[in-house]
Amino acid sequence: MTVTLEWYLGLSAILFVIGLGGVLTRRNVLIIFMSIELMLNAANLTFVAFSRYLPNIDGQVFVFFVMAVAAAEVAVGLAIIVTIYRRKGSLDIDQVNLMKW
Amino acid sequence: MEAILFIVIALMSIGAAIMVITQRSPINSVLYLVLAFFSLAILYVMLGAQLLAAFQVIVYAGAIMVLFVFVVMMLNLSKAQDWERIGAIRRWLGFAAAAGVFLIVVTALRGSLGYNAELDPNMGTIESIGSVLFGRYMLPFEVASVLLLVAIVGVVSLVKREEPPKSVETKGGEAS
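So the protein sequences, as listed, match chains A and B. The numbering of the first sequence is the numbering used here, which starts it at 1 and goes up by one. The numbering of the second sequence is the numbering used here, which starts it at 1 and goes up by one.
Calculated from the structure, these hints are not laboratory results. Be careful, since some hints might not be right.
Going by beta-carbon spacing under 10 Å, a handful of chain A positions derived as facing chain B [to be verified]:
1) 3
2) 45
3) 53
4) 55
5) 58
6) 67
7) 75
8) 85
9) 96
10) 97
Every residue, glycine too, gets a C-beta built ideally from N, C-alpha and C.
Could you build all of it, start to finish, from the sequences and the hints given here?
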């Protein structure tokens with residue numbers, strides 16, 4: 001039994017959906033943020049899997065850019081979370097609804 | 001052999017991912033997320049992307065998760081109560097929506113199956129990726145560095161406390 005492209009695509013789809021479920025069901029903004037990281041990693045896995053089976057090196061280069069953007073995103077996102085915590089005293093995203101309506 | 005390793009690592013990453021979204025205290029979620037990132041790094045090695053596996057460990061499991069741990073420790077959080085509060089109906093609606101997206105993703109991926117190439121051992125090395133990254137993707141590379149600079153400046157300006165007005169206020173109060 002050899003590992004084919006389908007296995008990796010299935011795994012990345014499952015990981016992406018778990019991350020999406022976390023975003024949809026949790027209200028703690030830190031855990032939502034971690035779920036987003038999980039979804040980014042699932043997309044990265046798809047890139048690398050296609051890069052190995054096509055074969056095409058560009059997928060791996062794209063993962064580099066995703067990582068750079070993810071690093072920037074995490075830094076800015078955590079700064080926003082720290083600011084929210086200072087203002088509201090909690091990390092519940094239901095209390096941060098000023099821009100919702 | 002490869003299939004067994006894949007199944008073990010895949011189950012490990014799925015289990016870690018489920019633990020990330022079900023844990024009550026954020027620090028446990030962070031630690032399970034580190035486990036998920038490490039198992040993804042092992043999968044990258046299996047896919048022949050050695051350099052990306054190293055970067056996965058250094059950047060994700062190292063730098064990004066240190067940032068998460070630092071923030072979780074700094075904020076002195078109690079256990080999250082959000083699961084009890086939102087209620088079972090909303091929770092299962094969320095999972096049902098995620099399952100719907102899973103069907104969409106699977107349907108979309110079905111059109112791109114069937115590729116099967118031999119593993120090229122030279123593809124994931126520093127040399128081959130570097131020649132592409134500093135050749136064809138030179139401009140995006142520079143843009144990414146500018147993006148990181150913007151992120152640094154943005155973070156500093158976001159978390160900087162507005163100290164001067166406060167200190168002026170208290171000093172004024174003491175003086176009068």
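Hint check results:
{"no.": "1", "hint": "3", "verdict": "holds (5 Å)"}
{"no.": "2", "hint": "45", "verdict": "holds (6 Å)"}
{"no.": "3", "hint": "53", "verdict": "holds (4 Å)"}
{"no.": "4", "hint": "55", "verdict": "holds (5 Å)"}
{"no.": "5", "hint": "58", "verdict": "holds (7 Å)"}
{"no.": "6", "hint": "67", "verdict": "holds (5 Å)"}
{"no.": "7", "hint": "75", "verdict": "holds (5 Å)"}
{"no.": "8", "hint": "85", "verdict": "holds (5 Å)"}
{"no.": "9", "hint": "96", "verdict": "violated (13 Å)"}
{"no.": "10", "hint": "97", "verdict": "violated (14 Å)"}
Violation of the numbered hints given earlier is confined to hints 9, 10; the remaining hints are satisfied by the structure.
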